[in-house]
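Enquirer: Spelled out from the first residue to the last, the chains are:
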Amino acid sequence: MAYSEKVLDHYENPRNVGSFAKEDGEVGTGMVGAPACGDVMKLQIKVDPSTGVIQDAKFKTYGCGSAIASSSLVTEWVKGKTLDEAMNIKNTAIAEELALPPVKIHCSILAEDAIKAAVEDYKKKHGA
Amino acid sequence: MFAPVYLDHNATTPLDERVFAVMEPFLRDRFGNASSRHEYGRHARAAIDTARAQVADAVGAHPSEVVFTSGGSEANNLFVKGAAGSQRGGVIAIGASEHPCVREPARQLVGQGWRMLELPVMATGHLNTTASAALIAQHRPRLVSAMLANNETGALSNVMALVEPMRQAGGWLHTDAVQALGKITLDFRALGVQAMTLSSHKIGGPIGAGALVVAKRVDIAAQIAGGGHERGLRSGTENVAAIAGFGRACELASQELEARATRMQAARDRLEERLLGLGARPFGGVEPRLPNTSYFGFDNIDGETLVAKMDRAGFAIASGAACSSANPEPSRTLLAMGVEPDVARTAVRVSMGPHTSLEDVDRFAETIGAMLIELKRMAAVAV
Amino acid sequence: MKFPIYLDYSATTPVDPRVAQAMIPWLTENFGNPASRSHAYGWTAEEAVETSREHVAALVGADPKEIVWTSGATESNNLAIKGAAHFYASKGKHLITLKTEHKAVLDTMRELERTGFEVTYMDVQENGLIDLEAFKAALRPDTTVVSVMFVNNEIGVIQPIAELGEICRARGIIFHVDAAQATGKVDIDLGALKVDLMSFSAHKTYGPKGIGALYVRRKPRVRLEAQMHGGGHERGMRSGTLATHQIVGMGEAFRLAKLEMGAERERIRALRDRLLAGLTTMEETFVNGDMEARVPHNLNISFAYVEGESLIMAIKDVAVSSGSACTSASLEPSYVLRALGRNDELAHSSIRFSIGRFTTEEEVNYTIELLHNKIGKLRELSPLWEMVKEGVDLNTVQWAAH
Numbered sequence: 531m532a533y534s535e536k537v538l539d540h541y542e543n544p545r546n547v548g549s550f551a552k553e554d555g556e557v558g559t560g561m562v563g564a565p566a567c568g569d570v571m572k573l574q575i576k577v578d579p580s581t582g583v584i585q586d587a588k589f590k591t592y593g594c595g596s597a598i599a600s601s602s603l604v605t606e607w608v609k610g611k612t613l614d615e616a617m618n619i620k621n622t623a624i625a626e627e628l629a630l631p632p633v634k635i636h637c638s639i640l641a642e643d644a645i646k647a648a649v650e651d652y653k654k655k656h657g658a
Numbered sequence: 046m047f048a049p050v051y052l053d054h055n056a057t058t059p060l061d062e063r064v065f066a067v068m069e070p071f072l073r074d075r076f077g078n079a080s081s082r083h084e085y086g087r088h089a090r091a092a093i094d095t096a097r098a099q100v101a102d103a104v105g106a107h108p109s110e111v112v113f114t115s116g117g118s119e120a121n122n123l124f125v126k127g128a129a130g131s132q133r134g135g136v137i138a139i140g141a142s143e144h145p146c147v148r149e150p151a152r153q154l155v156g157q158g159w160r161m162l163e164l165p166v167m168a169t170g171h172l173n174t175t176a177s178a179a180l181i182a183q184h185r186p187r188l189v190s191a192m193l194a195n196n197e198t199g200a201l202s203n204v205m206a207l208v209e210p211m212r213q214a215g216g217w218l219h220t221d222a223v224q225a226l227g228k229i230t231l232d233f234r235a236l237g238v239q240a241m242t243l244s245s246h247k248i249g250g251p252i253g254a255g256a257l258v259v260a261k262r263v264d265i266a267a268q269i270a271g272g273g274h275e276r277g278l279r280s281g282t283e284n285v286a287a288i289a290g291f292g293r294a295c296e297l298a299s300q301e302l303e304a305r306a307t308r309m310q311a312a313r314d315r316l317e318e319r320l321l322g323l324g325a326r327p328f329g330g331v332e333p334r335l336p337n338t339s340y341f342g343f344d345n346i347d348g349e350t351l352v353a354k355m356d357r358a359g360f361a362i363a364s365g366a367a368c369s370s371a372n373p374e375p376s377r378t379l380l381a382m383g384v385e386p387d388v389a390r391t392a393v394r395v396s397m398g399p400h401t402s403l404e405d406v407d408r409f410a411e412t413i414g415a416m417l418i419e420l421k422r423m424a425a426v427a428v
Numbered sequence: 034m035k036f037p038i039y040l041d042y043s044a045t046t047p048v049d050p051r052v053a054q055a056m057i058p059w060l061t062e063n064f065g066n067p068a069s070r071s072h073a074y075g076w077t078a079e080e081a082v083e084t085s086r087e088h089v090a091a092l093v094g095a096d097p098k099e100i101v102w103t104s105g106a107t108e109s110n111n112l113a114i115k116g117a118a119h120f121y122a123s124k125g126k127h128l129i130t131l132k133t134e135h136k137a138v139l140d141t142m143r144e145l146e147r148t149g150f151e152v153t154y155m156d157v158q159e160n161g162l163i164d165l166e167a168f169k170a171a172l173r174p175d176t177t178v179v180s181v182m183f184v185n186n187e188i189g190v191i192q193p194i195a196e197l198g199e200i201c202r203a204r205g206i207i208f209h210v211d212a213a214q215a216t217g218k219v220d221i222d223l224g225a226l227k228v229d230l231m232s233f234s235a236h237k238t239y240g241p242k243g244i245g246a247l248y249v250r251r252k253p254r255v256r257l258e259a260q261m262h263g264g265g266h267e268r269g270m271r272s273g274t275l276a277t278h279q280i281v282g283m284g285e286a287f288r289l290a291k292l293e294m295g296a297e298r299e300r301i302r303a304l305r306d307r308l309l310a311g312l313t314t315m316e317e318t319f320v321n322g323d324m325e326a327r328v329p330h331n332l333n334i335s336f337a338y339v340e341g342e343s344l345i346m347a348i349k350d351v352a353v354s355s356g357s358a359c360t361s362a363s364l365e366p367s368y369v370l371r372a373l374g375r376n377d378e379l380a381h382s383s384i385r386f387s388i389g390r391f392t393t394e395e396e397v398n399y400t401i402e403l404l405h406n407k408i409g410k411l412r413e414l415s416p417l418w419e420m421v422k423e424g425v426d427l428n429t430v431q432w433a434a435h
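Those protein sequences? They're chains A, B and C, same order as listed. Following the working numbering, the numbering of the first sequence begins with 531 at its first residue and continues without gaps. Following the working numbering, the numbering of the second sequence begins with 46 at its first residue and continues without gaps. Following the working numbering, the numbering of the third sequence begins with 34 at its first residue and continues without gaps.
None of these hints come from the bench; they were simulated from the model. Backbone N, C-alpha and C define an ideal beta-carbon position, used for all residues, glycine too. Treat the hints with care, as some may be off.
[As the list claims (entries may be wrong)] Covered, in the sense of this in silico footprint (three residues per stretch, anywhere, with C-beta under 8 Å from a C-beta of chain B), are these stretches of chain C:
{"hint": "1", "stretch": "35-45"}
{"hint": "2", "stretch": "141-150"}
{"hint": "3", "stretch": "242-252"}
[To be verified] Partial chain C-side listing against chain B, Cβ under 7 Å, derived:
{"hint": "4", "residue": "V48"}
{"hint": "5", "residue": "A53"}
{"hint": "6", "residue": "L60"}
{"hint": "7", "residue": "F64"}
{"hint": "8", "residue": "N66"}
{"hint": "9", "residue": "S69"}
{"hint": "10", "residue": "S71"}
{"hint": "11", "residue": "E108"}
{"hint": "12", "residue": "N111"}
{"hint": "13", "residue": "M261"}
{"hint": "14", "residue": "H262"}
{"hint": "15", "residue": "G263"}
{"hint": "16", "residue": "A276"}
All chains, please: the whole structure from these sequences, using the hints.
Expert: And the structure:
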């Protein structure tokens with residue numbers, strides 16, 4: 531399986547690996563995928579409640595190199611974005627950035643889903 | 046040193062050292078299984094891809110049409126049984142002088158919904174294409190297999206003449222091009238057949254690799270199952286060294302085709318001139334034919350005996366197809382050409398290679414001349 | 034050390050340099066066609082072919098006349114199973130095999146099913162071994178051919194061939210054994226084993242690719258329908274020009290195996306024990322397949338909560354397999370591990386380490402350290418591992434549908 535340089539870079543040096551406390555009011559957690567499908571992504575965002583801007587993000591991923599790279603990449607992308615801006619990140623942009631082959635497109639879709647799930651979790655906590 | 050003059054290139058050829066150079070790494074450090082995903086496997090896979098392109102290039106086919114097998118026999122079996130296996134039945138027609146590895150699998154089909162028909166050959170050893178076309182129109186075979194170059198006579202048949210009749214009959218046309226490869230220009234597309242058999246060891250490649258070149262639209266039922274290698278048509282761990290060697294041998298054969306053919310033909314023509322002077326009776330020997338093959342006999346001199354005596358004198362030749370050399374029956378090809386059995390038993394085949402020299406040929410002719418005198422004296426005594 | 038470290042001897046082995054040495058003259062000097070009866074090039078080649086046949090027969094306690102050359106174990110398996118099933122079809126059309134057989138056997142069985150045969154694919158026990166009582170129960174009056182592999186290619190377990198042979202012989206059933214993974218690893222004595230047909234491969238035993246053999250018993254005589262027709266080579270059982278250099282390679286490889294397998298097996302066992310001890314100090318690692326009835330050359334381990342493809346990517350300094358080499362192109366979980374009852378996740382996260390003649394202690398040590406580092410890193414990345422560590426039972430989690 532040939533991986534792009536960018537996938538390899540994220541895979542070898544994943545950014546923002548880790549976890550925030552789920553209960554923290556400033557944290558939104560998205561967990562998508564299933565072990566049986568071979569991919570589980572957990573993406574967490576930490577939001578400044580006054581501005582609605584994502585201050586920090588962390589992830590953990592069980593999955594192939596492309597899944598790890600996709601989630602690592604989106605933790606970089608969401609930082610500094612508002613929740614609405616984050617919701618606009620499209621899987622096609624992720625796939626393009628990482629030069630994912632067709633069989634790995636589902637990894638980028640999963641990463642987009644993870645962002646949405648994290649944002650929704652945050653909004654739910656804040657009664658949105 | 047054991048080095049008789051080798052004049053049996055239609056049986057097998059010496060391995061070209063440039064081919065060996067390509068093979069050797071796979072017998073040493075590059076030993077991976079081409080199905081493995083790690084580096085060892087990827088090297089092996091890349092070598093097979095290269096070889097597939099080389100084989101395809103040599104015969105004007107697309108690489109995806111090349112299915113590697115363990116050799117020509119398997120490729121012929123794969124076409125005959127494989128193409129038959131994907132159909133309900135019907136008529137299969139084969140040339141009367143086909144190699145046993147076409148004839149025998151075709152015979153196996155008889156009774157399993159198939160009827161076998163022979164396409165006649167002429168006294169020259171060529172396929173009688175007029176009669177064949179008529180038979181095809183009459184019996185509408187689902188499958189036809191007709192060899193391009195005969196291994197014994199070297200006769201080149203006009204297989205192309207069967208393309209249109211087969212198109213009208215709606216069946217598949219296959220040609221065994223094992224003896225033609227490397228000796229004449231081969232173009233899968235121009236030929237118009239749907240399938241073609243090739244072999245590595247007749248062109249300076251190793252024994253153990255061959256290919257069925259087959260158009261995608263021909264349904265072939267795999268004959269060796271298990272793992273789905275070669276588009277599912279031929280399973281089994283690929284023989285990387287032999288396949289790589291086969292590819293390189295094809296490449297060299299195309300590059301050097303003209304030079305080789307010219308040399309071989311010069312040697313053959315010289316030989317035939319000398320043999321005719323000695324009273325040889327040619328079998329076939331009519332154009333169009335391969336540039337390297339001479340098939341002949343001397344009246345009342347048993348071919349087997351002559352071949353054995355020539356071997357002791359340091360010349361390796363054959364009395365017929367290598368595969369059936371153990372068989373004391375006269376050549377089926379000659380019988381199909383209408384040669385009387387007693388005359389057929391005199392047949393001797395000399396097949397040149399690109400390195401056969403005119404000196405070799407002259408020494409051969411001198412030796413056989415002396416041998417004839419001796420054999421005739423013995424025959425006279427026996428009478 | 035040479036990278037990547039080769040621990041994939043079950044996929045293929047390097048040609049032993051001594052084997053390559055024996056082969057090369059048959060490529061470069063003595064190039065004759067062994068079927069050429071009319072000159073010395075042919076006879077010399079034929080003689081070499083027959084000497085090699087003796088070497089192959091000697092390793093497995095057979096008579097040279099019982100050895101038929103083929104292009105490899107896949108062809109041998111096809112020839113044995115189809116050849117016997119068709120020849121004995123008038124006696125019955127029921128065949129038995131295991132779910133954990135190699136594709137060469139399973140796909141052949143599937144093909145026979147399409148042409149009117151009935152096949153029972155037996156489950157194996159959790160340790161990968163056949164249950165003899167269940168086997169007896171599966172036999173029917175119309176059972177004609179049974180095919181069970183000697184050593185499994187993925188998990189290395191050794192099936193009870195002697196016992197199965199007794200059962201089959203008592204009922205007049207043809208017993209075929211795929212021994213591609215067994216030669217040079219376990220002792221095989223066809224004089225004692227009641228096996229009728231046995232498939233061999235050269236390239237799993239330090240010989241070249243493209244050559245194999247089928248043992249066809251003469252007493253009591255076993256009959257086959259040929260699958261490849263032509264000039265009548267190999268007593269009519271398999272036509273096609275014999276590749277002398279490859280046959281010589283297989284002969285030499287099997288000759289060396291007979292001489293060296295005893296000592297080699299113990300050396301490899303020590304390496305395997307070291308690898309096993311080194312890897313199983315990690316939490317949540319599971320060995321697949323029985324540890325007793327198993328060749329020491331194979332160690333198949335699942336590393337839980339690590340995804341298989343990322344694992345392979347992480348350990349690219351070692352050349353290993355995450356399933357059978359033949360199915361590596363697809364990302365299907367190994368059907369062998371599923372047959373042992375492993376779930377898909379564990380099957381996906383399994384690695385087959387196969388140790389061989391040229392494996393060193395240094396390489397094993399390096400591999401252990403590499404695995405510790407990489408598994409540690411991937412688990413650090415794994416949300417599943419985090420949950421397990423928090424005491425969450427993953428089976429109770431509602432996974433978001435995807």
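Enquirer: Counting residues of the stretch 141-150 of chain C that have a beta-carbon nearer than 8 Å to any beta-carbon of chain B, does the count reach 3?
Expert: holds (count 3)
Enquirer: With a cut-off of 7 Å on the beta carbons, see whether N66(C) makes it to chain B.
Expert: Holds, because the Cβ-Cβ distance from N66(C) to chain B comes to roughly 4 Å (cut-off 7 Å).
Enquirer: Check, residue by residue, whether the stretch 35-45 of chain C contains three or more positions whose beta-carbon lies closer than 8 Å to a beta-carbon of chain B, and give the verdict.
Expert: Three-residue rule met by the stretch 35-45 of chain C, so holds; n is 5.
Enquirer: A closest beta-carbon separation below 7 Å is what the hint needs, so does A276(C) meet it against chain B?
Expert: 4 Å, holds
Enquirer: Return the status of the interface hint for L60(C): holds when the least beta-carbon distance to chain B is below 7 Å, violated otherwise.
Expert: 5 Å, holds
Enquirer: For the stretch 242-252 of chain C, does the count of residues with a C-beta closer than 8 Å to a C-beta of chain B reach 3?
Expert: With 3 residues in contact (Cβ-Cβ under 8 Å with chain B), the coverage given for the stretch 242-252 of chain C holds.
Enquirer: Should the hint that G263(C) touches chain B count as held when the rule is a Cβ pair under 7 Å?
Expert: OK, holds: G263(C) within 7 Å of chain B, min 3 Å.
Enquirer: Against chain B, run the beta carbon of M261(C) and see if the smallest gap drops under 7 Å.
Expert: 5 Å, holds
Enquirer: Holds or violated: F64(C) as interface residue toward chain B, Cβ cutoff 7 Å?
Expert: 5 Å, holds
Enquirer: For the hint on H262(C), just tell me whether its beta-carbon gets within less than 7 Å of chain B.
Expert: 3 Å, holds
Enquirer: For the hint on E108(C), just tell me whether its beta-carbon gets within less than 7 Å of chain B.
Expert: 5 Å, holds
Enquirer: May I ask you to test the interface hint for N111(C) with respect to chain B, counting a Cβ-Cβ separation under 7 Å as satisfied?
Expert: Result: holds, 5 Å to nearest chain B Cβ.
Violation of the numbered hints given earlier is absent; every hint is satisfied by the structure.
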